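*Asks:* The lines below spell out each chain.
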Amino acid sequence: MRDIDTTELEISLLLEAVYQKYGYDFRQYSEAHIKRRIMNSRAMSGLENISQMQSKVLNDEAFASKLLQDLSITVTEMFRDPAFYRSIRENVIPVLKTYPFIKIWHAGCSTGQEAYSMAIIMQEEGLYDRTTIYATDFNQLALSHAKEGIFSNSMMKEYTTNYQLSGGKESFSGYYTSSYDNVIMNQSLKKNIVWANHNLVTDSVFAEVQLILCRNVLIYFNRNLQNKVQRLFYDSLVNGGILCLGSKESLRFTDLNEDYTEVDKKQRIYKKDY
Amino acid sequence: MHYEAIVIGVSSGGMKAMKIMFSLLPKNFSTPIIIVQHISAHSDTQWIKLLNDESNLSIKEADEKEKIEKGNVYIAPPNYHLLIEKDKTFSLTIDERVNYARPSIDVLFESAAEAYKNKLIGIILTGSNNDGTKGMKRIQECGGLTIAQDPATAESRYMPASVIAAMQVDYVLPLNDIIALLIEITQPQAHK
Numbered sequence: 001m002r003d004i005d006t007t008e009l010e011i012s013l014l015l016e017a018v019y020q021k022y023g024y025d026f027r028q029y030s031e032a033h034i035k036r037r038i039m040n041s042r043a044m045s046g047l048e049n050i051s052q053m054q055s056k057v058l059n060d061e062a063f064a065s066k067l068l069q070d071l072s073i074t075v076t077e078m079f080r081d082p083a084f085y086r087s088i089r090e091n092v093i094p095v096l097k098t099y100p101f102i103k104i105w106h107a108g109c110s111t112g113q114e115a116y117s118m119a120i121i122m123q124e125e126g127l128y129d130r131t132t133i134y135a136t137d138f139n140q141l142a143l144s145h146a147k148e149g150i151f152s153n154s155m156m157k158e159y160t161t162n163y164q165l166s167g168g169k170e171s172f173s174g175y176y177t178s179s180y181d182n183v184i185m186n187q188s189l190k191k192n193i194v195w196a197n198h199n200l201v202t203d204s205v206f207a208e209v210q211l212i213l214c215r216n217v218l219i220y221f222n223r224n225l226q227n228k229v230q231r232l233f234y235d236s237l238v239n240g241g242i243l244c245l246g247s248k249e250s251l252r253f254t255d256l257n258e259d260y261t262e263v264d265k266k267q268r269i270y271k272k273d274y
Numbered sequence: 001m002h003y004e005a006i007v008i009g010v011s012s013g014g015m016k017a018m019k020i021m022f023s024l025l026p027k028n029f030s031t032p033i034i035i036v037q038h039i040s041a042h043s044d045t046q047w048i049k050l051l052n053d054e055s056n057l058s059i060k061e062a063d064e065k066e067k068i069e070k071g072n073v074y075i076a077p078p079n080y081h082l083l084i085e086k087d088k089t090f091s092l093t094i095d096e097r098v099n100y101a102r103p104s105i106d107v108l109f110e111s112a113a114e115a116y117k118n119k120l121i122g123i124i125l126t127g128s129n130n131d132g133t134k135g136m137k138r139i140q141e142c143g144g145l146t147i148a149q150d151p152a153t154a155e156s157r158y159m160p161a162s163v164i165a166a167m168q169v170d171y172v173l174p175l176n177d178i179i180a181l182l183i184e185i186t187q188p189q190a191h192k
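As you go down the protein sequences, you meet chains R and Z in turn. Position 190 (the first sequence) corresponds to 190 in the working numbering; numbering is contiguous. Position 7 (the second sequence) corresponds to 7 in the working numbering; numbering is contiguous.
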């Protein structure tokens, strides 16, 4: 008998089953992370082991889509990392202003909070009428939520603080309408956001854009997959276009490290070289 | 026993405890140390710099995909969970809070237990919640060594007490004795 950890083998078979049957590819995600998610999912399902999950995934679509939700991270907030958005206002907006039409790709937008944040900034800078924000994710449920633009009222205090720390000068409550426990984002913010299903792992370039935001998505990928997605971003950006990563992500370990110039090192903002 | 890594979970009262710990650990202490300290999501790295200034060891925030090296101390960055992969590199995630915490001690400890098996030492110091209890159990299940700060000597007793109530911890000691034990079991040459 070979010395193979049974749980790890089961995980790899489960991910293979998900990929072959449904096309979602988690095989190159960080192992410790994906293991944690699958173990949690198994505990919630009441199934005894991961092999049972595999059988159920293949024969029960509802179970498969539940697992997909469990493997998808939807933690996000408006103006997450306010200092980052401050840097966007100071260092990126002046670049965007030089274009007659502005295309922004928000990759891995989840439930949309950061896409709305960007829309707010573009509106305040007087650029929104000539801007299109492509906000994409592979999680259709999160995407539908994002498109509705309905968020819990209880989050608004934190979002307002973030907005103010990011350099926002308006009244944040002017960007949404409250109704009982929820708020709905203004139509004027929604109008130029195109919500679309796109999977960074399996789909390819769909537009040429001036700004890509992809924050705290690549941390879940192994280095090989990170490289592949970075190539996709490089190919989607115009020369001189801007790439924004999460506060703990960088180009340091990728093949494209030499092809960008740092705009703001701390906030992980890079400019594609001409 | 050749231990390859030490994971430490610490919460309220942690700054003081870590200052003492790093003033006592010698320059040649080579086993890597990985720490989750509960801190605010918006903290900057100033406190790590302060800690570093008073330490014999090199202390830094853990980076995504970074390889764990001997002689280094790594601290989980604010607002991220820190995990250890089988190839002894770090992963970061922004998954939901665990025990109301991100970074969570359980998340680090459970992944570390699986990566290092019986070559891991897990330590719970002062703190006022029960994050880390599950992680310590997992470390023990995987054959690692478990140490809790003696609650009577901890600035905040709840976190080590929670571990002690849940399992048979290998050592329950005051902080100074924990450090002496670490030096003894990881660096026998220091005593020659």
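Derived from the structure by calculation, the hints contain no laboratory data. Keep in mind it's a predicted model, so treat the numbers as computed, not measured. We put the beta carbon where it would ideally sit given N, CA and C, even for glycine. Keep in mind that a hint or two might mislead.
Which chain R residues face chain Z? A few, computed with CB under 7 Å, are given here [claimed, not checked]:
id, residue
1, Y29
2, S30
3, E31
4, A32
5, H33
6, I73
7, V75
8, I219
9, K248
10, N257
Here are the computed lysine to any residue pairs in the SDA-like style, where the Cα-Cα straight-line distance is at most 20 Å [stated by the list, open to error]:
id, chain 1, residue 1, chain 2, residue 2
11, Z, K88, R, E31
12, Z, K86, R, L58
13, Z, K137, Z, Y171
14, R, K157, Z, Y100
15, Z, K60, R, I4
16, Z, K67, R, Y24
17, Z, K19, Z, K67
18, Z, K86, R, F253
19, Z, K117, R, S65
20, Z, K67, R, F253
21, R, K157, R, Y176
22, Z, K88, R, D203
23, Z, K86, R, M39
24, Z, K88, Z, H2
Residues from chain Z shown here face chain R by an in silico Cβ test under 8 Å; the list is partial [claimed, not checked]:
id, residue
25, S43
26, T45
27, W47
28, E54
29, D63
30, E64
31, L83
32, E85
33, S111
*Asks:* If a hint holds in the structure, say so; if it doesn't, say that too.
*Replies:* For each hint, the structure was consulted:
1. Y29: Where the cut-off is 7 Å and the nearest Cβ of chain Z is about 9 Å from Y29/R, the hint is violated.
2. S30: holds, 4 Å
3. E31: holds, 6 Å
4. A32: Cβ of A32/R sits 4 Å from chain Z, so the hint holds.
5. H33: This interface hint holds because 5 Å falls under the 7 Å limit.
6. I73: holds, 6 Å
7. V75: holds, 5 Å
8. I219: holds, 5 Å
9. K248: holds, 5 Å
10. N257: violated, 13 Å
11. K88/Z <-> E31/R: holds, 12 Å
12. K86/Z <-> L58/R: The hint is violated at about 28 Å.
13. K137/Z <-> Y171/Z: holds, 14 Å
14. K157/R <-> Y100/Z: The hint holds at about 18 Å.
15. K60/Z <-> I4/R: violated, 34 Å
16. K67/Z <-> Y24/R: violated, 29 Å
17. K19/Z <-> K67/Z: violated, 25 Å
18. K86/Z <-> F253/R: holds, 19 Å
19. K117/Z <-> S65/R: Roughly 33 Å separates the two Cα atoms, so the pair is violated.
20. K67/Z <-> F253/R: holds, 12 Å
21. K157/R <-> Y176/R: Roughly 13 Å separates the two Cα atoms, so the pair holds.
22. K88/Z <-> D203/R: It is violated: about 31 Å lies between the C-alpha atoms, which goes past 20 Å.
23. K86/Z <-> M39/R: holds, 16 Å
24. K88/Z <-> H2/Z: With a Cα-Cα distance of about 16 Å, the restraint between K88/Z and H2/Z holds, given a limit of 20 Å.
25. S43: Since chain R brings no Cβ nearer than about 12 Å to S43/Z, farther than 8 Å, the hint is violated.
26. T45: violated, 10 Å
27. W47: violated, 17 Å
28. E54: violated, 25 Å
29. D63: Holds: closest Cβ of chain R sits about 7 Å from D63/Z, inside 8 Å.
30. E64: holds, 5 Å
31. L83: With Cβ-Cβ at 4 Å, under 8 Å, it holds.
32. E85: holds, 5 Å
33. S111: holds, 4 Å
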